[in-house]
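Participant: Sequence:
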Amino acid sequence: MAYRKLGRDTQVRRSILAGLTKDVINHESIITTETRAKEVRKFVDKMITYGKDGSLVSRRKALAFLHNDKDTVAKVFNDLAKRYESRDGGYTRIVKLAERRGDDALEVKLELV
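One gets the numbering used here by counting positions in the sequence shown from 1 and adding 164 to each.
Keep in mind that a hint or two might mislead.
[What the hints assert, rightly or not] Simulated pairs of lysine-lysine, DSS-like, Cα-Cα distance not exceeding 30 angstroms:
{"#": "1", "residue 1": "K225", "residue 2": "K273"}
{"#": "2", "residue 1": "K206", "residue 2": "K260"}
{"#": "3", "residue 1": "K169", "residue 2": "K239"}
{"#": "4", "residue 1": "K169", "residue 2": "K206"}
{"#": "5", "residue 1": "K225", "residue 2": "K169"}
{"#": "6", "residue 1": "K169", "residue 2": "K216"}
{"#": "7", "residue 1": "K260", "residue 2": "K273"}
{"#": "8", "residue 1": "K210", "residue 2": "K239"}
{"#": "9", "residue 1": "K273", "residue 2": "K246"}
{"#": "10", "residue 1": "K169", "residue 2": "K273"}
{"#": "11", "residue 1": "K246", "residue 2": "K206"}
{"#": "12", "residue 1": "K260", "residue 2": "K169"}
{"#": "13", "residue 1": "K225", "residue 2": "K202"}
{"#": "14", "residue 1": "K202", "residue 2": "K273"}
{"#": "15", "residue 1": "K239", "residue 2": "K273"}
{"#": "16", "residue 1": "K260", "residue 2": "K239"}
{"#": "17", "residue 1": "K202", "residue 2": "K234"}
Honestly, the hints are just simulated from the structure, not real lab data.
Quantities reported herein were computed from a predicted structural model and do not represent experimental measurements.
With the hints as constraints, model all of the structure from the sequences given.
Facilitator: See the structure below:
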């Protein structure tokens, strides 16, 4: 599977992606760069799929990725899994905003559908 390195070492990149994934799940939308949003979307969809599965193994995988944040995992398994039970995928949407003033990076809003 191809992935974006985001100019970071592996540990830092995984930590950034886990943090952004937690933010999307908790706040249901974030504003970030397009590159990060496209990468985080994969993990948000995976966490919701784990929640829909509902098994103990899925819960442990979600806890491991989200740095043992039990509140976020509870939201995925209790709220989001029920909301998306009839949907087969595509739980997120990327809406393009404007370029950031400092470095002209395209900012987008990543939100749950």
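Participant: So, for every hint listed, does it hold in this structure?
Facilitator: So, going through the hints one by one against the coordinates:
Of the supplied pair hints, the one linking K225 and K273 holds, its CA atoms being roughly 26 angstroms apart against a limit of 30 angstroms. For the hint linking K206 to K260, the alpha-carbon distance of about 18 angstroms falls within 30 angstroms, and the restraint holds. As the CA atoms of K169 and K239 are separated by approximately 28 angstroms, the hinted pair is consistent with the 30 angstroms bound. At roughly 14 angstroms between alpha-carbon atoms, K169 and K206 fall within 30 angstroms of each other, so this suggested pair holds.
At roughly 22 angstroms between alpha-carbon atoms, K225 and K169 fall within 30 angstroms of each other, so this suggested pair holds. About 29 angstroms separates the Cα atoms of K169 and K216, which keeps this hinted pair within 30 angstroms; it holds. For the hint pairing K260 with K273, the CA-to-CA distance comes to about 6 angstroms; that is within 30 angstroms, so the pair holds. Proximity of K210 to K239 is assessed by CA-CA distance (about 14 angstroms); at most 30 angstroms being required, the pair is judged to hold.
For the proposed pair K273 and K246, the alpha carbon gap of about 24 angstroms is at most 30 angstroms, so the pair holds. Restraint check: the Cα-Cα separation between K169 and K273 comes to about 20 angstroms, which is no more than 30 angstroms; the hinted pair holds. A hinted pair counts as satisfied when its Cα atoms are at most 30 angstroms apart, and K246 with K206 qualifies at roughly 19 angstroms. Using a Cα cut-off of 30 angstroms, the hinted pair K260 and K169 holds, with the two alpha carbons roughly 21 angstroms apart.
Taking the CA atoms of K225 and K202, the gap is near 21 angstroms; set against the 30 angstroms cutoff, the hint holds. Annotation: proposed proximity of K202 to K273 holds, straight-line Cα distance about 11 angstroms (limit 30 angstroms). Between K239 and K273, the direct Cα distance comes to roughly 21 angstroms. Compliance with the 30 angstroms bound is thereby established for this hinted pair. About 27 angstroms separates the Cα atoms of K260 and K239, which keeps this hinted pair within 30 angstroms; it holds.
The suggested pairing of K202 with K234 holds, with an alpha-carbon distance near 25 angstroms, which does not exceed 30 angstroms.
Of the numbered hints listed earlier, not one is contradicted by the structure.
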